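So the protein lines, in turn, are chains A and B. All residue numbers for the first sequence refer to this note's numbering, where the first residue is 1 and numbers rise by one. All residue numbers for the second sequence refer to this note's numbering, where the first residue is 500 and numbers rise by one.
Don't read these hints as lab results, they were simulated from the structure. As the structure is a prediction and not an experimental result, all values here were calculated from the model. Certain hints may be false.
What the hints assert, rightly or not - Among the chain B residues that face chain A by a calculated CB cut under 8 Å, a handful are:
no., residue
1, 769
2, 816
3, 970
Unchecked claim - Below, a list of computed lysine to any residue pairs in the SDA-like style, where the Cα atoms sit at most 20 Å apart:
no., chain 1, residue 1, chain 2, residue 2
4, A, 266, B, 865
5, A, 266, B, 850
6, B, 765, A, 361
7, A, 338, B, 536
8, B, 765, A, 339
9, B, 837, A, 434
10, A, 266, B, 605
11, B, 841, A, 279
12, B, 536, A, 277
13, A, 108, A, 123
14, B, 837, A, 277
15, A, 338, B, 850
16, A, 338, B, 871
For glycine and all other residues, C-beta sits at the position ideal for the given N, C-alpha and C.
Residue strings, one per chain:
Protein chains: 2
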Amino acid sequence: MNFKNTEIEYDDDLKPIDMQPLFYPKTMAVIGVSQNKIGGIKYVIANDVSGYMQAGGKVYPINPKYKELYGYKVYPSLFDPEVPNIDLAIIAVPAAAVPDVVRDCGKKRVKFAVIFSSGFAESGNFDLQKKLEDAIEEAKRYTRFIGPNCLGINNPYSHVSYYPGMASAPGNVSYVSMSGGNTGRLTTWLVTQGMGINNAVSIGNSIDLTATDFINYFREDPKTKVIALYLESVPNGRKFMKALKAATLKKPVVLWKGGQTEVGQKATVSHTGGLAGSYEIWKSMAYQTGSFLADYFEMFADFVTCLSLDYYLPNDENVAILVCGGGISVEYADMCIKAGLKVPELSKETQNKLAEVFPSVNVSFRNPLDLGEYGYVPHYFDKALRIVAKDPNISSILYVREAERFILFQDVIGIPNMDQLTIKLLIESSKIIKKPLFCSMSPNGQELEHYEPRFNFKVAMLKNNLAVVDLVPHACELIKQMVRYKRYLDAHKNNSSKY
Amino acid sequence: MNFKNTEIEYDDDLKPIDMQPLFYPKTMAVIGVSQNKIGGIKYVIANDVSGYMQAGGKVYPINPKYKELYGYKVYPSLFDPEVPNIDLAIIAVPAAAVPDVVRDCGKKRVKFAVIFSSGFAESGNFDLQKKLEDAIEEAKRYTRFIGPNCLGINNPYSHVSYYPGMASAPGNVSYVSMSGGNTGRLTTWLVTQGMGINNAVSIGNSIDLTATDFINYFREDPKTKVIALYLESVPNGRKFMKALKAATLKKPVVLWKGGQTEVGQKATVSHTGGLAGSYEIWKSMAYQTGSFLADYFEMFADFVTCLSLDYYLPNDENVAILVCGGGISVEYADMCIKAGLKVPELSKETQNKLAEVFPSVNVSFRNPLDLGEYGYVPHYFDKALRIVAKDPNISSILYVREAERFILFQDVIGIPNMDQLTIKLLIESSKIIKKPLFCSMSPNGQELEHYEPRFNFKVAMLKNNLAVVDLVPHACELIKQMVRYKRYLDAHKNNSSKY
């Protein structure tokens, strides 16, 4: 999907803050380093092993108690003459000391600060929360703050990192998360499959800069193709909705809302301290703003992965299902229909064309399609794919390629490198088909010998912009939401240019 | 869960057929072998490579056109003097010839026959279907038939196999499936994770022997711990329900119904030819018979895997969630509540005991529990598990162990072999706890180096009867259905002894 540049006049709510010094800082200060390896010092180590320092970035560890820690020179104060202007400060001091350090950041004219420390509203310390809010209110004229109770920035381009050895590789996903753990989960998922991130930002309780600010920034960021959000609450629902509405006209936004139930919401209070609000309201907000909505991590990951590729949006709910096997054809049809999709019977013309290619034993061409044993042969499958895609009743295609069985098939069918051949044919066909295609690998075997070909196939597919989903119900839900997004864009693109 | 022997008087509907000659045949005939490797000859090869022949089983390939095929001696006819009494025949002739071969089987007093051939009701050939039904009606006095349009038997004990190289290993799952593909999927899933099957039976259109007959047999079979069913339709709903009711009093039955939607049902017609009936009726039947109900393959596989272990049934919906991380605690709470479970706040006593073990930074003990960084340490986690299990409000526990991070933790925490230590502690604790425990591995990393430790951990866990689920929503649904099953058993065990 290529989005045309829609001319929008942005009011102040939507104007992006210049976050260049946050994502590409020339200088960093880490305030509150100590011998405790899970304290501030881990930021120093993280930005050493990440390559940030090697690329010329300067890190100034700060604590008056130390001259040196783990081989790094430590400075007594942010105001030490040797400490230059600071683009990004990490605040890693005990909670009670944070408000003063926040004020110091303002005085020093630090551009951005990540408050790693926790122990505020999320721990029931409302007095301290109030003191922190007051300090931020004073300082934010000069310094903008991320957190508290967060990890900060993971940027593979500038090599800024929040954890030693955290997965990071260049990509086009910009991710904003109120959970540090969930920040790492999606990043690791993407990076270890050959994908990557443009930015992953753990924002924690987000007193000053909120998800809204990051959405506005990533909306205009040409390196961001999809915006992924894990949020538990937002401080200003109206501004947040405006930001979503403006962003989704330019790129897809995938939201995973933590606290979809009353118990989940209670848990968010002790996690990030915000008031979550009813999930019904969030759902309705997602619909009204053209946002994607995922229920849990694995679904979220499948959505973000597919939307970070080049893709087409389906015109409607009509899906063709191409598999080899009667049982799986029934299963995928059930999953599509349960998700609210349609699996219409193919036209007689399409069915006749398929019958010319495939022997008539143990096959079904009506939809779902059971291509039988011949469907395993790449060239036969490719023919079927092209024939089905031409059917005017079909808007997207869900199909199976069992990479774990390629080696077996290679022997039986006598075609070497079935994985590469399959991908080659899919690349060529997808250029002609111009409809969304989703591959399931229908995994059964769990041993390394089964996993490895699946993994290699998936990585190669994704690298070539061919969508693969790990669980078919996720594909069905994604197709349904892509249709909704298409309709949203059709309705809003030419409608309004003012927000 | 140990099931007491409930004394039940069985009427004729529930009397099991003696299937010993089917599952442990001394002699097999394969009728209709040819050079076509995907035809009947594959049964001959399958039972050679499976070890059936090596263990003394005799296979008689039959076709008057050949004297020998692929090194196997071929006999001209079932009635050839060299062909002895046959326990199990495979019928792999063209559809039109099947009725005559069926009659031949009866004449020869073959005990069981698998009709591999397809091309009957499922292909719209209703005349031929009628002829086949008539032939079966005549012959079934002597021979009982499985199929048509099926694969037959996979038994790791007798080594009977339906496909060369099909996964097979001894276990306690007895599986009956109307889809050949789905038969292989679950079997492969189990076997490649160190589990196994007692029997996997692909029954196809099941004109003579139906799922009901197999349920009645496996109910009384001491080697069957759980009965797994993939069904699209049943010919006699009343008898089927009776069979389920009788079986679930002795062991859990997990049903995956293909054709849950109108389109799925249509697809079942061209797959196995039966009339599927509304899913609402199937659901209500599952509730009324104490059966488990899974929606799709991965859920089915997780259910069957966990129910094939030794386990306790939860008393009620109250679940404790033990994780390390705020975001994942919110997620799992959301998933539990959405599935209809409860995540009650732990008692003050439990919370106080946990506070004695864990430092108070970034943790939450109310439920869901976020154990923070210390929760990664096996001994700390184990203490938490035992404390939480004692809480009278808690009936089952859902927890996370991230095997992919063990190697990293080993270095940081300084504990070698974290996987083995974790399992050792879990084995000891689970003996004391006596409540159902479900482990999620919260997979993120996808590379082999991440997959391998997860896979090894899962295999070792399952081997030690420790339940692991691949997707948390499946665990939530399983717990809910286990509660339902517990209540069903409590209500019915002493109620009625006559069916």
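Here is how each hint holds up against the structure:
For the restraint placing residue 769 of chain B at the interface with chain A, the shortest Cβ-Cβ distance is roughly 4 Å, inside the 8 Å limit, so the hint holds. At a threshold of 8 Å, the smallest CB-CB gap from residue 816 of chain B to chain A is about 12 Å, leaving the interface hint violated. Hint status for residue 970 of chain B relative to chain A: holds, with the closest Cβ pair at about 6 Å, below 8 Å. For the given pair, residue 266 of chain A sits about 10 Å from residue 865 of chain B by alpha-carbon distance, which is consistent with the 20 Å threshold.
Taking the CA atoms of residue 266 of chain A and residue 850 of chain B, the gap is near 16 Å; set against the 20 Å cutoff, the hint holds. Proposed proximity of residue 765 of chain B and residue 361 of chain A is supported: the alpha carbons are some 18 Å apart, at most 20 Å. Of the pairs offered as hints, the one joining residue 338 of chain A and residue 536 of chain B is violated, with about 39 Å between alpha carbons and a cut-off of 20 Å exceeded. Annotation: proposed proximity of residue 765 of chain B to residue 339 of chain A holds, straight-line Cα distance about 17 Å (limit 20 Å).
A threshold of 20 Å between alpha carbons decides the hint, and for residue 837 of chain B with residue 434 of chain A the separation of about 37 Å lies outside it, so the pair is violated. Taking the CA atoms of residue 266 of chain A and residue 605 of chain B, the gap is near 68 Å; set against the 20 Å cutoff, the hint is violated. The suggested pairing of residue 841 of chain B with residue 279 of chain A holds, with an alpha-carbon distance near 18 Å, which does not exceed 20 Å. At most 20 Å may separate the alpha-carbon atoms for a hinted pair to count; residue 536 of chain B and residue 277 of chain A exceed this at roughly 62 Å.
Distance restraint check for residue 108 of chain A and residue 123 of chain A: the Cα-Cα separation of roughly 29 Å exceeds the 20 Å cut-off, and the hinted pair is therefore not satisfied. With a C-alpha separation of about 16 Å, the suggested pair residue 837 of chain B and residue 277 of chain A falls inside the 20 Å cut-off, and the hint holds. Simply put, residue 338 of chain A and residue 850 of chain B have alpha-carbon atoms about 41 Å apart, too far for the 20 Å limit, and the pair is violated. Between the alpha carbons of residue 338 of chain A and residue 871 of chain B the distance comes to roughly 38 Å, so the proposed pair goes past 20 Å and is violated.
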